[in-house]
Each structure stands twice: as C-alpha cells, then as structure tokens.
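2 protein chains.
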Amino acid sequence: MYPLPIQNLIKTFGKLPSVGQRTAERYVFHLLKSGKKDVGELALALKNLSDTVKSCQICWDFSDKNPCNICSDKKRIRNTVCVVSDSQNIQIIEKMNKYNGLYHVLRGVIKTDNPEKIKDLKINELLRKIKGLEIKEVILAFSPDLNGETTMMFLKNKIKEANPNLKITRLARGLPTGSDLQYADEITLGDALKNRTENN
Amino acid sequence: MYPLPIQNLIKTFGKLPSVGQRTAERYVFHLLKSGKKDVGELALALKNLSDTVKSCQICWDFSDKNPCNICSDKKRIRNTVCVVSDSQNIQIIEKMNKYNGLYHVLRGVIKTDNPEKIKDLKINELLRKIKGLEIKEVILAFSPDLNGETTMMFLKNKIKEANPNLKITRLARGLPTGSDLQYADEITLGDALKNRTENN
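Protein sequences appear in the order of chains A and B. According to UniProt numbering, the residues represented by the first sequence are 1 to 200, in order. According to UniProt numbering, the residues represented by the second sequence are 1 to 200, in order.
One chain only, chain A, in its complex shape (with noise of 0.2 Å):
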C-alpha cells in the first residue's frame, strides 16, 4: 500500500474526468519525481482558480470579472443569445470573429443515459433571459450527437413555451468541408439535400 498521502492525491485525481487509478498514479509519481516545486506550482494555480475565477452571473461562462468581458462589452449586439454546453465552445466560436452576439452557457448537456443531472443545467436562468423584451433570437449550437440533439429539442420547446414569439435557430447541418459524398451517412446526406443553397 502506498503512504496515505500518496494514496490521497491518487484517489482526488482520480476524480477528474476519465482518470483511472493507473493514470491517476501516474500523475502522482511524476509530481513527486519532478519534486516540491512542480507539485506547489499546480496547489497555486489551482489557489489562484478558486480564489478568483467566478460564475458570469449573465451567461455562466466562467471569468475573472462578473459580468464577464463579453457579457459587458457595449459593442456585442444584445439581442441574440447563443446557447451553447460549456466554455469552450465559446472559445471556438469566438475564434472565427463571425459573430457578435451574446452567451449563454448550459454548463452541460441533457445526458439520456442519466436524466437527473438535468437539474444541474441553467436551464431556467436560459428561460428567465428570453422572457424579457431584448432578446429576438436564440441560437442552439450545440453538437449534433444524440445528448446534443435531445438538449436542443427539450430547449426548445422549453423556449417556445416560455416566449412564443422568439426565433430560435440551430447551427446548419450539411457536409463538412473536405468530405467525400460516397462515405457521406444517409442523415447527413438528407440534411445537405433538404437545406441546399443556391449557386449562382
């Protein structure tokens, strides 16, 4: 059995998302070989998280500022709303500089094989937000997978109950820049046929 220090340290990692105990040691192992410095490095940063790092209380990404940069920068058109999982896919769309709109982060997705978790998402914060008067659009961007697919339908029902006259859209499906149509599956081959653009 290792020193209960060690055997702490495992089992804390080991909480973190797909980390088993062999991966769990070792991180633990190469902490202790690189010695004190890299492992009160990493105690700090995560210090330094805690103690600043807060909840947006407008689109609940995570920031060092509440509002958050976004969320009170004037120049954002305030109107729209795009619902997205988690903080990185704001990073991901914010890369492309095609859009200047507003956030709102759900903080998860509906997971089918596990419904309860439904209570940790900001769903109703979502449903505060849109019953106001600013907001003329919501965008669903999330991943088209089976959890993405069943958040967007059970939002946007959710949505539509809440404030009726709102335009809600999701991110277009098609082909992916690159593909080949031959290996093209049949539901994205549909969507791409169904919302075909012209070509003038």
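Bear in mind the hints are in silico, worked out from the structure with no lab data behind them. One thing to keep in mind: the hints can contain errors.
It does not matter which identical chain is meant; a pair holds if it fits inside one copy or across any two.
Lysine to aspartate or glutamate pairs mimicking EDC-like chemistry, simulated, CA-CA at most 20 Å apart [to be verified]:
hint, residue 1, residue 2
1, Lys47, Glu198
2, Lys95, Asp185
3, Lys33, Asp64
4, Lys33, Asp86
5, Lys11, Asp73
6, Lys65, Asp86
7, Lys194, Asp145
8, Lys160, Glu137
9, Lys74, Asp64
10, Lys36, Glu161
11, Lys111, Asp86
12, Lys36, Asp120
13, Lys33, Asp51
14, Lys167, Asp180
15, Lys33, Glu125
16, Lys167, Glu149
17, Lys156, Asp51
18, Lys36, Asp64
19, Lys119, Glu134
20, Lys74, Asp86
21, Lys11, Asp51
22, Lys54, Asp38
23, Lys117, Asp38
Based on these hints, arrange chain B on the given structure of chain A.
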C-alpha cells in the same frame, strides 16, 4: 482567450504525462463545474503530498518515513536488492508476497531517445550501496522492452565493475500464463525453449 488563472492551470495540468491542451482544458472546466470544494480538495492533497512525502535515503522509494517501512523492517533479508524503475513496481512485487529482500528505485529507465536523462537516475546511489560487503545478489526487475533491456545491460556492466563477485539476476523470460503458442513471438518462444524447466 480564457482568463489568466484558467490559462495558468491549463498550462500546469499540461505538464502531467500524456496530458495535452484539450485534456487539460477538460480537467480545469470539470473542476470549475464541480465547485470550490473539489478544487480545494485537490490543492490540499497536493500540499499534504509536498509536506509529508519524502525520498527514502536507502531505497529512493517515496514514503512518509525515512527510512521507509521496507528498509526499516528487521524481518527483511538484507543481502538481496531488487532494482526497479519506479515506485509502482514495488507495489506489484509486494502484492505477490513472494519477495522478502530490499529494493532500489532507479526513478526511471535509460531512454535510448533521450540518453542525457541518465544523470537523473539513482545509479551512483545503487553502485555505492553494492560496494559494501552486505549485498550478495542484485535482481534487475525491469520490463523486457527496449529501454528496460538497455538499462539492465548498462547496470550489469556498472555493477560488475564496482563489485565483480556479486550475483546479478534478472526476471525470467518465457511464455506468459494463458498465452497461445501459435501467437508467441520468436524471441519469447526462443527464450522459453532455452530456459526450459524440468517437468517430472
């Protein structure tokens, strides 16, 4: 761009073995979503590790005692040293309950693609130990892969130089239990034939 404390923690997690940018991001946002308690727990476990775990100055394993439990155990046979690459290997051997000698943790192996790292290994500490009169046998218990074989060959020569009368052994090679002859590789099968045992 993420806020600075998030970026910092992503960078720090990224120093763990096999953790890239995406995995580090997942860890950080998982912690943010689970809340301050989990972040604090991990920071505390790291602090405890740093405060209490030290290197045993005899075998170089990590322990909360110096010398460690094994090195200070009077019931252990003190003339046999089993050399392993990492602390985790001690656990594997101890679990069998079939070895009652001492250990020496080399803290890694000689990597053929990064030979400079050899100076971080506890090789001189091993040589100093075996120069005494007490040690009679050194077991080289490394994995029989490229780096393991290189390390064993290197150590064997160094040990012979330092103490020519020492018995140097290595773990037996052969067919693993449950394997199929048909799929055994040539080297393994050759070793199994060469080191065949009597079966009366």
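Now the hints, each set against the structure:
no.: 1; hint: Lys47 - Glu198; in the structure: neither (54 Å within a copy, 62 Å between copies)
no.: 2; hint: Lys95 - Asp185; in the structure: neither (28 Å within a copy, 50 Å between copies)
no.: 3; hint: Lys33 - Asp64; in the structure: between (33 Å within a copy, 15 Å between copies)
no.: 4; hint: Lys33 - Asp86; in the structure: between (34 Å within a copy, 10 Å between copies)
no.: 5; hint: Lys11 - Asp73; in the structure: neither (42 Å within a copy, 27 Å between copies)
no.: 6; hint: Lys65 - Asp86; in the structure: within (18 Å within a copy, 44 Å between copies)
no.: 7; hint: Lys194 - Asp145; in the structure: within (19 Å within a copy, 55 Å between copies)
no.: 8; hint: Lys160 - Glu137; in the structure: within (12 Å within a copy, 78 Å between copies)
no.: 9; hint: Lys74 - Asp64; in the structure: within (18 Å within a copy, 56 Å between copies)
no.: 10; hint: Lys36 - Glu161; in the structure: neither (56 Å within a copy, 35 Å between copies)
no.: 11; hint: Lys111 - Asp86; in the structure: within (14 Å within a copy, 40 Å between copies)
no.: 12; hint: Lys36 - Asp120; in the structure: between (37 Å within a copy, 16 Å between copies)
no.: 13; hint: Lys33 - Asp51; in the structure: between (28 Å within a copy, 15 Å between copies)
no.: 14; hint: Lys167 - Asp180; in the structure: neither (33 Å within a copy, 64 Å between copies)
no.: 15; hint: Lys33 - Glu125; in the structure: between (46 Å within a copy, 16 Å between copies)
no.: 16; hint: Lys167 - Glu149; in the structure: within (18 Å within a copy, 66 Å between copies)
no.: 17; hint: Lys156 - Asp51; in the structure: neither (36 Å within a copy, 52 Å between copies)
no.: 18; hint: Lys36 - Asp64; in the structure: between (28 Å within a copy, 14 Å between copies)
no.: 19; hint: Lys119 - Glu134; in the structure: neither (26 Å within a copy, 65 Å between copies)
no.: 20; hint: Lys74 - Asp86; in the structure: neither (23 Å within a copy, 56 Å between copies)
no.: 21; hint: Lys11 - Asp51; in the structure: between (23 Å within a copy, 18 Å between copies)
no.: 22; hint: Lys54 - Asp38; in the structure: between (25 Å within a copy, 15 Å between copies)
no.: 23; hint: Lys117 - Asp38; in the structure: between (35 Å within a copy, 18 Å between copies)
Violated hints for the displayed structure, listed by number in ascending order: 1, 2, 5, 10, 14, 17, 19 and 20.
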